[in-house]
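Throw the hints in and build the complete structure from the sequences for me.
Residue numbers (the numbering used here), protein chains in the order written: chain X, 62 to 373; chain P, 129 to 193.
A couple of the hints might just be wrong.
As the list claims (entries may be wrong) - Straight-line Cα separation of at most 16 Å, EDC-like style, residue types lysine to aspartate or glutamate; simulated pairs:
no.	chain 1	residue 1	chain 2	residue 2
1	X	LYS70	P	GLU175
2	X	LYS70	P	ASP174
3	X	LYS70	P	ASP181
4	P	LYS130	P	ASP181
5	X	LYS84	P	ASP169
6	X	LYS70	P	GLU173
No lab work stands behind these hints: they were computed from the structure.
Each chain is listed here by its residues.
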Amino acid sequence: MNCTKCKTKAVIGLPRHNAAFCKSCFNGFVHEQVSRAIASQRMFSRQDRLLVAVSGGKDSLALWNILLKLGYRADALYVDLGIPGYSEKSYERVQRFAETVGATHGAALRVHTVKEEEGAGIKELAQLVHRPTCSACGTIKRYQFNRAAVEHEYDVMATGHNLDDEAARLLGNVLHWQTDYLEKQSPTLPASVEGFAKKVKPLYRLSEREIAAYAVLNRIDYLVEECPMAKGSKMLLYKEVLNRLETASPGTKQSFYWGFLEQHAKERSPEGSMAEKDSATLHPCSTCGQPTTAEVCSYCKMMARAQASAQR
Amino acid sequence: MKVQLSHPAREVDVKGPKRVKELLRDLDLVQEAHLVIRGDDLMTEDEMLKDTDQVEIRPVISGGS
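As structure tokens, this is what we get:
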């Protein structure tokens, strides 16, 4: 198989683009897809200060790498979730990447430790509030990242969500007709109200396989091991189903998710409608001050329940 | 050839020569969810693997919320 662009030996075939690339042309392809995402979804400019949420996995480290290579001002935040035998390994990868790549671009790594702040790791917290670990983890990460971005005055918060993540989430939402969640599936979520950071997903045009290939080709030392808490999660099942469809019919994932984005854009201007809706329904949490639809936000409620449960 | 697999980590022996595409099919692994790596190189689906090769089939899917 030869590179579609330069005709030298290819290292990866991309059936959905009917193309194959050598290492150099593949890196060009990846950077181009991210640049297109940033421009077409009005994510940020070179003057903006970005905070990248990093976990030690391929997506977030590849994202941090790409943004720095493209010349953006991007620091990173690692949230230590306190997962025994896993968080240590993931932090090690993040720290090494920050020292070897981040530092050479003048980028800083910030670290938040859940156990230090809340007295317990994610698994115990989820058990205390009787919620699935992945769901409690999602609430905690979203809260921590938003708070860090707002407190340290970053213009934008970037996450490593890729095409597979978004297509799988869309499938889950559509299967259960959770139409309220569809509005939040845009790759750019504006800072709709005071206390909410602008959130972007610059990797939404790239599949997980493409990002893993980018990480391998560019010697990004990421944690291959799966989070032990994610075993048997619905997201994994949706991804598996979508990848079977993709292998049989290349381009299925992108036509599903990008098609949704096009339909959604036609229906309304997301920025206007979301800002209007959010300012009508959100107000500061009475405990921590972050935006919420309730009196007390879901993070503070969860921590209060965890505390009450621990004291029993 | 020796084939290293993950989730759970294990090694299996597969008779070569064999194309990457056939190796994945024989192990019932979906191409879109895996990378095949030999040494430091990524292997494309049409490449031939020798009986003496050592390869890693790396899953690329991560889950969670």
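So, going through the hints one by one against the coordinates:
1. X/LYS70 <-> P/GLU175: 11 Å, holds
2. X/LYS70 <-> P/ASP174: 12 Å, holds
3. X/LYS70 <-> P/ASP181: 20 Å, violated
4. P/LYS130 <-> P/ASP181: Answer holds: P/LYS130 to P/ASP181 is near 7 Å, not above 16 Å.
5. X/LYS84 <-> P/ASP169: With a Cα-Cα distance of about 10 Å, the restraint between X/LYS84 and P/ASP169 holds, given a limit of 16 Å.
6. X/LYS70 <-> P/GLU173: Satisfied, since the Cα-Cα distance of roughly 13 Å is no more than 16 Å.
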